[in-house]
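**Student:** Those protein sequences? They're chains A and B, same order as listed. Read left to right, the first sequence gives residues 1 to 481 (the numbering used here). Read left to right, the second sequence gives residues 1 to 425 (the numbering used here).
Incorrect hints may appear among the rest.
Computed cross-link-like contacts, SDA-like style, restricted to lysine to any residue with a CA-CA straight-line distance of at most 25 Å [stated by the list, open to error]:
hint: 1; chain 1: A; residue 1: Lys73; chain 2: B; residue 2: Arg94
hint: 2; chain 1: A; residue 1: Lys202; chain 2: A; residue 2: Asn286
hint: 3; chain 1: A; residue 1: Lys81; chain 2: B; residue 2: Gly305
hint: 4; chain 1: A; residue 1: Lys174; chain 2: A; residue 2: Glu254
hint: 5; chain 1: A; residue 1: Lys151; chain 2: A; residue 2: Asn286
hint: 6; chain 1: A; residue 1: Lys174; chain 2: B; residue 2: Thr386
hint: 7; chain 1: A; residue 1: Lys73; chain 2: B; residue 2: Asn352
hint: 8; chain 1: B; residue 1: Lys240; chain 2: A; residue 2: Gln307
Since the hints were derived computationally from the structure, they do not count as laboratory data.
For reference, the chains in residue letters:
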Amino acid sequence: MMSTKDNFLKVKHLYNRAGFGVSYTDLQKLSKKNLDKVVDNLIKDSQKDDPINLINDFESKRQLLVQAGLYAKKDLTDDEKKMRQQIIREQNEVSRDLNIAFITKMINTDAPLREKMTLFWHGHFACRSNNPFFAQQLNNIQRANALGSFKTLLVEVSKSPAMLQYLNNQQNKKGKPNENFARELMELFTLGRGNYTEQDIKESARSFTGWMYDKDGSFIFRQNLHDTGTKTFFGKIGNFEGENIIDIILEKPETAQFIARKVYQFFVNDTPNETHVKELATHFYNSKYDIAAMMKKMFTSDWFYSQENVGTKIKSPAEFLVGLSREFYVTYNKPQVLIQLQSSLGQYLFNPPNVAGWPGGQSWIDSSSLMLRMRIPSLVLNDGEIDFSGKADPEDEAVIALSRTATTNANANMKPKSYVNANANWPKFLNTLPKGLTPLALTEFLLQPKLNNKITTMVSDNKGLRSTAVEITSMPEYQLC
Amino acid sequence: MVDSQSAKYPTNEPLTNEQVNKNTNKMNRRNFLRNTGFVAAGSLFVPAFMKPLEAMALDELSLYKNLVVVQLSGGNDGLNTVIPFGNDIYYQKRKSIAIKPEEVIRLNDMQGLNPNMAALQEIYDQGWMTIINDVGYPNPDRSHFRSMDIWQTGSDSNQFLSTGWIGRYLDSNCQTCKFPYTAIEVDDSLSLAMKGQTKKGIALKDPAALFRNTNDPFFKAMLQNDKEHLDEDNLGYLYKTMIETSSSASYIQNTSKVYQSKSTYPTSGFANQLKTVSKFISSGLKTRVYYVSLSGFDTHVNQIGQQGNLLKQYSEGMAAFLKDLKSNNKLEDTLVITFSEFGRRVEQNASNGTDHGTANNMFVFGGKLKKQGIFNAAPNLSDLDTGDLKYQLDFRQVYGTILDKWLDVNNADILNKKFNTLDFI
Chain A
1 MMSTKDNFLK VKHLYNRAGF GVSYTDLQKL SKKNLDKVVD NLIKDSQKDD PINLINDFES
61 KRQLLVQAGL YAKKDLTDDE KKMRQQIIRE QNEVSRDLNI AFITKMINTD APLREKMTLF
121 WHGHFACRSN NPFFAQQLNN IQRANALGSF KTLLVEVSKS PAMLQYLNNQ QNKKGKPNEN
181 FARELMELFT LGRGNYTEQD IKESARSFTG WMYDKDGSFI FRQNLHDTGT KTFFGKIGNF
241 EGENIIDIIL EKPETAQFIA RKVYQFFVND TPNETHVKEL ATHFYNSKYD IAAMMKKMFT
301 SDWFYSQENV GTKIKSPAEF LVGLSREFYV TYNKPQVLIQ LQSSLGQYLF NPPNVAGWPG
361 GQSWIDSSSL MLRMRIPSLV LNDGEIDFSG KADPEDEAVI ALSRTATTNA NANMKPKSYV
421 NANANWPKFL NTLPKGLTPL ALTEFLLQPK LNNKITTMVS DNKGLRSTAV EITSMPEYQL
481 C
Chain B
1 MVDSQSAKYP TNEPLTNEQV NKNTNKMNRR NFLRNTGFVA AGSLFVPAFM KPLEAMALDE
61 LSLYKNLVVV QLSGGNDGLN TVIPFGNDIY YQKRKSIAIK PEEVIRLNDM QGLNPNMAAL
121 QEIYDQGWMT IINDVGYPNP DRSHFRSMDI WQTGSDSNQF LSTGWIGRYL DSNCQTCKFP
181 YTAIEVDDSL SLAMKGQTKK GIALKDPAAL FRNTNDPFFK AMLQNDKEHL DEDNLGYLYK
241 TMIETSSSAS YIQNTSKVYQ SKSTYPTSGF ANQLKTVSKF ISSGLKTRVY YVSLSGFDTH
301 VNQIGQQGNL LKQYSEGMAA FLKDLKSNNK LEDTLVITFS EFGRRVEQNA SNGTDHGTAN
361 NMFVFGGKLK KQGIFNAAPN LSDLDTGDLK YQLDFRQVYG TILDKWLDVN NADILNKKFN
421 TLDFI
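Work the whole structure out from these sequences, hints included.
**Tutor:** Printed below as a string of structure tokens:
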């Protein structure tokens with residue numbers, strides 16, 4: 001029989017990894033249940049798919065059409081140039097809104113596992129699109145299938161305009177194949193390096209010819225651009241089309257291995273334990289790539305809760321920001337600051353460094369990002385002043401070039417003081433805590449790693465829970481989950 | 001943003017260990033909870049276990065070869081930077097944005113500098129500047145992000161590396177790489193170029209601010225007597241990073257604070273970055289690589305004014321920097337390179353700007369250049385790859401040359417394969 005205290009720590013660990021943390025009240029309630037039941041509940045809570053509907057389909061199509069028209073023309077009138085600039089400006093603005101919508105959703109969601117999985121797929125199927133409608137669509141595909149069939153997810157991602165554009169499948173035509181998509185499909189999305197040949201890439205690229213999107217931004221299979229010849233792929237010969245290739249890739253257990261290892265590294269430990277990975281992969285493969293089944297297997301395995309896997313992972317910037325905001329019911333009066341923080345911490349959502357996604361683990365941490373992480377709790381929870389500006393995103397360079405007049409200096413130091421301008425809901429947070437909770441007990445709740453003497457001593461002289469909370473969240477230990 | 005409470009503690013009198021413990025554990029630590037985050041604290045106390053790092057620095061060599069990397073972000077238009085005024089095709093393709101032959105600062109019969117770069121003429125004439133034409137890589141990528149990624153990691157165009165070329169130099173067991181301040185980026189955040197697998201550079205805009213932050217009572221309290229955390233796990237890594245940051249901040253601040261530059265710099269953010277670098281180099285900081293950047297070069301629209309303004313800032317800043325180094329006898333020990341993630345298309349667009357292209361020129365500066373002036377042939381404008389310049393030299397040959405001949409490591413160890421070196425140094 002498991003003690004409640006033991007269960008308390010396990011449920012807390014589960015919710016930190018599978019979601020973005022848990023309130024003390026919920027944790028107390030859940031701790032009284034059997035752990036398997038808690039896992040079932042967690043999955044059940046995430047059954048509902050609630051997409052982001054920020055960007056209007058109609059308006060986006062209108063812009064696409066106007067843009068297509070403008071690109072086709074050689075000499076633009078001044079009005080047309082203005083129109084094009086206006087569209088670019090609007091798209092940049094809406095892209096920022098989309099970013100904020102995603103992070104806000106993670107902060108407020110009552111389907112934490114679905115959002116956490118969406119974040120995982122967001123990094124796995126990493127993509128950049130300057131068309132916010134495409135980006136929203138891909139994000140919604142990743143959310144809708146986050147816990148469903150990996151095959152459906154893979155097919156839908158492969159057919160999404162965002163990915164078709166990002167990996168140049170628009171240029172993949174019969175007789176002039178572009179291998180970009182075919183290569184990343186195998187290297188980064190399914191099999192992993194070393195499990196295919198260059199010939200497999202060539203043949204699969206031919207199979208994906210004609211997979212495109214039309215001027216309305218919908219997937220279209222252009223038969224006339226498709227290479228209908230015979231292809232040899234992993235020893236199989238046939239007149240393959242894209243979906244046949246995906247089926248053959250999924251028949252290979254290496255795909256289940258690759259995904260299971262990545263899931264393990266995201267949810268359990270940076271360093272994969274190959275025995276555990278194999279267990280997961282076999283389960284995933286045998287369940288015909290049912291993602292929820294794999295997740296359940298993982299969350300109900302004893303090793304998920306073993307000491308080396310608790311409080312030992314470095315939070316990603318998204319996990320850190322979402323966790324902090326969720327814990328203290330933070331509202332951002334100027335939510336753009338969330339973008340600035342993501343960017344300064346090295347994880348600007350919807351803007352991965354490349355199609356391989358964010359490398360994660362210790363690469364999140366360098367001297368400046370760690371100093372910033374340790375400052376953010378006091379900035380967010382106590383409305384502190386920001387004295388950093390971060391770098392411009394390379395894709396924003398055109399905007400910088402446009403907005404810079406002849407008299408302003410690059411990197412000018414004369415900036416107005418800026419604040420995070422957020423409100424933590426302290427009464428609400430304090431209300432979730434049991435009466436008479438000591439600063440030490442609060443510390444045990446807020447931190448995932450085991451407490452040591454130093455921390456115990458540091459918090460013991462602290463009188464208020466609020467100041468303890470700010471202090472604890474500013475510790476290096478809070479960077480771990 | 002000095003917190004009023006911190007004034008209660010003497011700023012120039014070292015506190016005893018107990019005093020620090022007492023203070024940090026109580027009153028002073030509360031500063032952290034106030035709205036300024038890390039605040040000035042004052043004591044110069046260094047925990048005992050951090051001492052060896054400082055001690056190490058003392059017995060180091062005094063002669064240091066420095067590398068300064070200058071990144072122009074956004075894709076600088078190389079053809080309007082070093083102008084091929086001797087080639088008619090340039091004027092045919094750039095009807096409204098070409099620089100007129102009479103405005104070009106001529107370097108030879110074919111190429112010359114943009115008139116906004118007048119400040120560099122003197123530098124060029126002194127033999128402190130080399131221009132390398134047509135630097136690029138196979139299968140070029142026209143996305144800013146991806147191409148910058150490629151330049152910063154030194155990867156092939158279909159390869160994804162999560163470490164930067166300077167980061168991997170830090171990872172190599174080079175004699176000086178053991179110091180966490182071996183590579184400094186004068187900025188708020190650290191570029192991928194500076195991140196290795198086990199070692200990373202340090203990003204700082206203002207050494208005094210970083211010093212203040214690492215001397216914040218809360219920060220120091222976290223580091224007190226914390227040997228138990230120095231394991232190889234993730235928590236150990238966090239503590240190691242904090243210790244190195246703190247140690248480096250003290251070293252950088254204490255070494256450079258006394259230095260006063262006698263040179264005047266133009267007033268721009270970019271020149272300020274270079275001024276900071278010069279201060280570090282001239283005060284004898286044992287750092288080998290510095291990284292600075294200037295952004296805004298993505299000139300799709302109305303390029304002339306925007307690029308001109310940026311080139312002016314760049315050139316005036318660089319000229320002041322190089323002359324400052326010269327006056328401090330540091331120019332011979334310093335090598336500066338400038339790159340951008342790509343050049344732009346040969347033909348201008350309809351908006352008096354240029355779109356993303358491929359190969360581009362790179363600049364090398366220093367007091368000890370082997371080949372001064374123009375290094376190789378001007379871009380061939382009649383032999384293009386669908387409207388783009390073909391590269392003559394791989395950018396990793398330039399990196400490889402610097403790694404082999406300036407930083408004294410084998411470039412194959414850093415770049416994952418051997419690149420032939422060039423003769424500019």
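**Student:** Which of the numbered hints above does this structure break?
**Tutor:** 2 and 4
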